[in-house]
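Model the full assembly from the supplied sequences, consistent with the hints where possible.
Protein sequence lines, in the order shown, are assigned to chains A and B.
Residues in the first sequence are numbered consecutively from -9, following this note's numbering.
Residues in the second sequence are numbered consecutively from 3, following this note's numbering.
It is worth saying that the hints were derived from the structure and are not from the lab.
All values derive from a computational prediction rather than experimental measurement.
Careful, some of the hints might be misleading.
Said to hold, decoys possible - With the C-beta cut set under 10 angstroms, the calculated list includes, among others, these residues of chain B facing chain A: (1) D38; (2) A63; (3) A67; (4) I94; (5) I97.
Just so you know, even glycine gets a beta-carbon here, dropped at the ideal spot from N, CA and C.
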Amino acid sequence: MNTLQVPQDDVIEGLARVVAVDGTLAWLAAEQPSACGSCATGSTCSKGKAESATRWCVPRTLAPGQAPLALGEQVRVGVDRSALNRATLTAYALPLVTMLAGVIALQDGGDIWAIMGALGGLLAGIAGARTLVRRWHQALVPVVLGRAISTDSLACSTAATNRQPGTPHSIAMKGAIAVVHKRSL
Amino acid sequence: MQDFLLVLLSTAIVNNVVLAKFLGLCPFMGTSSRIDTAMGMGLATTFVLTLSTGFVWMAEALVLAPLDLSFLRTMTFILVIAAVVQFTEMIIRRISPPLYEALGVYLPLITTNCAVLGVALLTVQAGHGFGTSLLRGFGAGSGFALVLVIFAGLRERLALADVPKAFEGAPIGFITAGILSLAFLGFAGLGGH
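This is how it looks when you write it as structure tokens:
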């Protein structure tokens, strides 16, 4: 989806960092959770590998008149909340439901048949979930909501927010930048 | 069919893994600050719990019991659970890479969730068949997800409440969990004779 007008309540926010710049484009990587940063096995765990492999490409200039994104800069990214919830439910629940249906259908034949039914149902459910979730792939790609605000500047901007309620956030939402394309570096 | 429903009801609500058996309290407190997080963690745990119960049953019935290696049960089950978590990571990554990026961080945490090992051990000790064991795993996982989402909803409201300073954070969370546990005790005996 990557809509440019994202309602505030419909977005789950996270942080990403600019890991590479190339002319007018910048590549972003999702920020690791704080616990991952201190983990000694980060280089070998699959999550660490995934984060080092996936990059999101966006235009360097988030809004006209703003300075282009610099290397190492933090930005706020958002994912459509309802799409994420829908995809989560489908990815986890559908294989379980089909697996249990397979077991219940073949239970009377004994444990071996029940195991076969479970495995068959699980594989069918995974295939079905993959097909369904792929339809919502675009909605699950994050959009850039704006530059991340440090704690100090957030405290400074609180006064401005009080004068004009919601202004900074709504500007950031309206200026959401769609991902140009995804690639691995 | 009625038996299946009773197994589900019993494991999900009456003998809830968190509020009746007090297993899995760490992720229960740690990932229940927001409903979105709780839902993701609850569904992932349900998936892993169901699958691991099935694979653990197979390991016990096809390998450990015939070879008289039951003393290796706990170690084997931990290995099986770790393998199932890794398998789940692969599945979610294959189904949708963006979904994996959003939720993948919770998956390794499930390996150390004592509720998964606890349910696997209790299910094998109960001596049921494969289908009933799988249903027990699914019921326990559903119960975990249910109370996680309920508790996350309560904590989102608690964040706006005027709580005395000494009770802010985890203390008021545990008090709320205790009251929720008392509420779930009301289901005790439901469906039994």
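Hint check results:
1. Taking 10 angstroms as the C-beta cut-off, the interface hint given for D38(B) holds, the closest approach to chain A being about 6 angstroms.
2. For A63(B), the shortest C-beta to C-beta distance to chain A is roughly 7 angstroms, which falls under 10 angstroms, so the interface hint holds.
3. Taking 10 angstroms as the C-beta cut-off, the interface hint given for A67(B) is violated, the closest approach to chain A being about 13 angstroms.
4. The restraint placing I94(B) at the interface with chain A holds, with a minimum CB-CB distance near 6 angstroms, inside the 10 angstroms limit.
5. A distance limit of 10 angstroms between C-beta atoms decides the matter here; for I97(B) the minimum to chain A is near 5 angstroms, and the interface restraint holds.
In this structure, only the earlier hint numbered 3 is contradicted, and the remaining ones agree with it.
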